[in-house]
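Could you build the full structure based on these sequences and the hints that come with them?
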Amino acid sequence: MTTPSQTVGPFFSHALPYERDWELVPDGHPGAITLTGRVFDGAGEPVPDALLELWLGFTGERGALSRQGGKVSGFGRCATSPDGTYRFRATRPPRPYLSLQIFARGLLRSLLTRVYLEDVPDPLLDGLDPGRRATLIAAGSGDSYRFDVRLQGAEETVFIDF
Amino acid sequence: MSHPPYLSPGYRSTIARAPSRPPVSFKLDPDAIELTSPVFGHEEVGALDADLTRQHAGEPIGERIIVEGRVLDDDGRPLPGTLVELWQANAAGRYAHDLDRHPAPLDPNFTGAGRCLTDQDGRYRFVTIKPGAYPWRNHDNAWRPAHLHFSVFGQAFTQRLITQMYFPGDPLMPFDPIMQSIPDEAARQRLVSSFELGLTEPEWALGYAFDIVLGRTPMETP
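Going line by line, the protein sequences match chains A and B. When the letters of the first sequence are read in order and numbered with the UniProt record's numbering, they come out as residues 1 to 162. When the letters of the second sequence are read in order and numbered with the UniProt record's numbering, they come out as residues 1 to 222.
Hints were generated in silico from the structure; no laboratory data involved. Check each hint, because a few of them may be wrong.
To be verified - List time: in silico DMTMM-like cross-link candidates among lysine to aspartate or glutamate, alpha-carbon distance up to 20 Å:
id : chain 1 : residue 1 : chain 2 : residue 2
1  : B       : Lys130    : B       : Glu43
2  : A       : Lys71     : A       : Glu19
3  : B       : Lys130    : B       : Glu68
4  : B       : Lys130    : B       : Glu63
5  : B       : Lys130    : B       : Glu59
6  : B       : Lys27     : A       : Glu19
7  : B       : Lys130    : B       : Glu196
8  : B       : Lys130    : B       : Glu203
9  : A       : Lys71     : A       : Glu23
10 : B       : Lys130    : B       : Asp49
11 : B       : Lys130    : B       : Asp51
12 : A       : Lys71     : B       : Glu43
13 : A       : Lys71     : B       : Glu196
14 : B       : Lys27     : A       : Glu61
15 : B       : Lys27     : A       : Glu23
16 : B       : Lys130    : B       : Asp170
17 : A       : Lys71     : A       : Glu61
18 : B       : Lys27     : A       : Asp27
Below, the structure is given as structure tokens:
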């Protein structure tokens with residue numbers, strides 16, 4: 001008797017974003033990584049009204065909403081800009097991947113995917129063919145990573161049904 | 001199946017945004033991070049955040065309502081301490097959003113956003129005003145039924161839910177491709193709140209009840 005999902009719609013930016021929502025760690029935090037990218041639709045057009053949520057698997061002390069309790073939070077949120085860009089500043093996750101959830105106008109349900117910071121042997125990755133596997137591997141290294149989300153089409157990102 | 005399919009052509013925006021492949025089925029290991037969810041502290045949510053009628057100097061225009069319900073798991077167990085976010089249009093059907101071009105008035109005393117944490121019984125409660133219906137450009141003469149947007153976290157990132165609550169008896173529901181994207185009639189009805197005299201406060205506000213049931217986490221057997 002699960003409650004059905006509905007789209008987040010286009011008009012959430014007065015409600016869901018909050019101050020420093022994309023900053024899971026403060027500026028200058030030792031070992032911080034940045035994760036940026038763009039969201040594209042099936043026509044290759046940027047998606048300017050998506051909401052992305054990043055989850056590292058632990059709550060941390062920083063506060064998921066208020067960002068006042070400490071240095072590290074495991075949760076962040078970022079609305080895409082008009083050119084479809086999002087950004088997060090986070091700490092390196094305890095697992096090889098971060099969980100990314102995507103909401104947008106035109107998505108009647110959210111989409112869940114994983115951002116792998118490196119291509120490693122992994123139960124999820126190892127079950128995918130090479131082309132699809134590549135959609136889950138972030139580009140970059142060190143403290144700067146890039147991960148684009150393609151909602152539809154030949155290079156469509158792998159989305160996961162758990 | 002409760003949820004709508006990603007592709008629902010009557011809702012035009014799904015055509016270029018619905019993934020063309022079904023999501024990859026994957027059985028999580030017990031340590032997978034998707035089985036956990038952020039925990040929100042009471043100090044992060046203000047006492048007045050759940051009253052959308054008291055966020056400005058004056059009172060918003062419109063019919064004052066109380067919306068109350070419980071967040072439950074699929075076995076009916078209450079989920080305490082989970083974050084519930086609500087947002088909506090004003091009584092005239094206009095969002096306090098820069099890109100909403102509907103020529104209806106903004107209300108300087110209404111932003112239309114609130115949040116709260118569920119209590120020990122999984123219960124949330126908002127005071128707000130009833131939103132208006134509004135036109136959108138999906139098709140000729142398209143109108144959204146009055147609705148509240150809800151966002152709920154639950155106990156696992158896989159349970160994360162964003163949905164919309166509708167009002168009983170709204171004549172626009174049968175014509176709305178977003179609500180009608182849900183294939184099952186009984187499932188659609190789960191998005192319709194019920195008017196409750198018991199939640200109604202005399203001389204003050206009408207009461208509506210709306211429970212939210214989150215899906216099973218992947219480690220639970222159906």
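Hint by hint, here is what the structure shows:
| no. | hint | in the structure |
| --- | --- | --- |
| 1 | B:Lys130 / B:Glu43 | violated, 28 Å |
| 2 | A:Lys71 / A:Glu19 | holds, 15 Å |
| 3 | B:Lys130 / B:Glu68 | holds, 14 Å |
| 4 | B:Lys130 / B:Glu63 | holds, 5 Å |
| 5 | B:Lys130 / B:Glu59 | holds, 13 Å |
| 6 | B:Lys27 / A:Glu19 | violated, 35 Å |
| 7 | B:Lys130 / B:Glu196 | holds, 15 Å |
| 8 | B:Lys130 / B:Glu203 | holds, 16 Å |
| 9 | A:Lys71 / A:Glu23 | holds, 10 Å |
| 10 | B:Lys130 / B:Asp49 | holds, 17 Å |
| 11 | B:Lys130 / B:Asp51 | holds, 13 Å |
| 12 | A:Lys71 / B:Glu43 | holds, 17 Å |
| 13 | A:Lys71 / B:Glu196 | violated, 45 Å |
| 14 | B:Lys27 / A:Glu61 | violated, 30 Å |
| 15 | B:Lys27 / A:Glu23 | violated, 30 Å |
| 16 | B:Lys130 / B:Asp170 | holds, 12 Å |
| 17 | A:Lys71 / A:Glu61 | holds, 7 Å |
| 18 | B:Lys27 / A:Asp27 | violated, 36 Å |
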